[in-house]
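One line per chain: the protein sequences are D and L, in this order. Per numbering that gives the first Met the number 0, residue 0 is the first one in the first sequence, and the count goes up by one each step. Per numbering that gives the first Met the number 0, residue 0 is the first one in the second sequence, and the count goes up by one each step.
FYI, nobody ran anything at the bench for these hints, they're computed from the structure. Incorrect hints may have been included.
In this list, chains with the same sequence are indistinguishable; a pair is considered to hold if it fits within one copy or across any two.
[What the hints assert, rightly or not] Distance condition first, Cα-Cα at most 25 angstroms in a straight line; then the derived DSS-like pairs of lysine-lysine:
(1) Lys100 - Lys126
(2) Lys153 - Lys126
(3) Lys153 - Lys124
There are 2 protein chains.
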Amino acid sequence: MRVLVTAGPTREYLDDVRYLSNASSGKMGYAVAAALAAAGHECVLVSGPVGLAPPPGCEFVPVETTAQMRAASEEAFAGCDGVIAAAAVCDYRPAVRVEGKIKKDGAPVSVELIQTDDVLAALGKRKAEGRQTPRWVIGFALEAANPRENALQKLRAKQCDRVVLNGPASIGGDRTAAELIGPSGEVVMHWEGSKPAVAGDLVDWIDAWVAAGRPA
Amino acid sequence: MRVLVTAGPTREYLDDVRYLSNASSGKMGYAVAAALAAAGHECVLVSGPVGLAPPPGCEFVPVETTAQMRAASEEAFAGCDGVIAAAAVCDYRPAVRVEGKIKKDGAPVSVELIQTDDVLAALGKRKAEGRQTPRWVIGFALEAANPRENALQKLRAKQCDRVVLNGPASIGGDRTAAELIGPSGEVVMHWEGSKPAVAGDLVDWIDAWVAAGRPA
Numbered sequence: 000m001r002v003l004v005t006a007g008p009t010r011e012y013l014d015d016v017r018y019l020s021n022a023s024s025g026k027m028g029y030a031v032a033a034a035l036a037a038a039g040h041e042c043v044l045v046s047g048p049v050g051l052a053p054p055p056g057c058e059f060v061p062v063e064t065t066a067q068m069r070a071a072s073e074e075a076f077a078g079c080d081g082v083i084a085a086a087a088v089c090d091y092r093p094a095v096r097v098e099g100k101i102k103k104d105g106a107p108v109s110v111e112l113i114q115t116d117d118v119l120a121a122l123g124k125r126k127a128e129g130r131q132t133p134r135w136v137i138g139f140a141l142e143a144a145n146p147r148e149n150a151l152q153k154l155r156a157k158q159c160d161r162v163v164l165n166g167p168a169s170i171g172g173d174r175t176a177a178e179l180i181g182p183s184g185e186v187v188m189h190w191e192g193s194k195p196a197v198a199g200d201l202v203d204w205i206d207a208w209v210a211a212g213r214p215a
Numbered sequence: 000m001r002v003l004v005t006a007g008p009t010r011e012y013l014d015d016v017r018y019l020s021n022a023s024s025g026k027m028g029y030a031v032a033a034a035l036a037a038a039g040h041e042c043v044l045v046s047g048p049v050g051l052a053p054p055p056g057c058e059f060v061p062v063e064t065t066a067q068m069r070a071a072s073e074e075a076f077a078g079c080d081g082v083i084a085a086a087a088v089c090d091y092r093p094a095v096r097v098e099g100k101i102k103k104d105g106a107p108v109s110v111e112l113i114q115t116d117d118v119l120a121a122l123g124k125r126k127a128e129g130r131q132t133p134r135w136v137i138g139f140a141l142e143a144a145n146p147r148e149n150a151l152q153k154l155r156a157k158q159c160d161r162v163v164l165n166g167p168a169s170i171g172g173d174r175t176a177a178e179l180i181g182p183s184g185e186v187v188m189h190w191e192g193s194k195p196a197v198a199g200d201l202v203d204w205i206d207a208w209v210a211a212g213r214p215a
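So that you can see chain D by itself, here it is in the shape it has in the complex:
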């Protein structure tokens, strides 16, 4: 099996120095890539800027902005059987990127933020492209309020087969608690532990699910 993994944050610049981002460490996505390689799968890891070395045995595509992540992911996805989208994409960007560095003059600055490309939705739309058996898509949702309801909405809006749901407490840490949400909003699995352990559980689950013919 050949699998695309997205990982890490993206950055969206206000000027040449200041940007909008989030504290995603990439640990979960890198752990998933390592678990895929350990299970004998091919892996393409498209990653935003993080302080981690890519796991051995993965193809590695570093990106910085959301548009770059979308382009690299769409290109890699064409040759993959599925995607595990663990990246914490920066989903807003300044409408205008100022060249150079905004000089401070003491006054407040009003910045208009617009939504960036939706990487996961773009992959979901292409899942059946050129294939008799559509590629599978597993998204990640990080929800603070109404988590299961929002995860299910995300699953549907982005044509995911399953969504891995976790909370803001997972960001940057070494451990995570995650629920695997199915297409009717049901909690298929609950995993808790180190990110490598949960990544291993997720890859095991995918292997069994694919072997069973990917039941809905």
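Assemble chain L onto chain D, guided by the hints.
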């Protein structure tokens, strides 16, 4: 000599997940701290979130926001002889931090950014506090346009003894090119090389300058 070093970026949150920051890697500040320790000085390293291990022999104070960096730096500065302020402080913050996570609804979001605490100016103001011989203050300036003129303005506005001037190309990289700017705007020194090498040159310069009675 006991020296405060500030390093790394700070983060200013829009909500519990999204923040404003910059790509400062902390490499220059950590190299300065290591050079101070190697030269036999005591060092307190106040650092924003970076992917580096604190150099052995330094007191280490991790912070996240600009307000935290200001508070930790002011506290440490009271017991120091000088400061090398290499941090790339996030100088704007959202006027409002939303609890939880802003939900996307497709519409643009307007964010008002206001200036954060000026850490370097706060230290400059306190340089003479409780001392017959004022503490020395060396700032860093990262300027895209009119670099020397802006560095001199910074030196004056923030009561620095010298300013280390570099350009946006230095951010995140392993090498830097820096000018040491004096109180009349003159270029006292020009250094170029790896960040550890330039940090060593800077500490050597400070040692000689302090030994000479800190001539203006």
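Which numbered hints turn out to be false for this structure? 1
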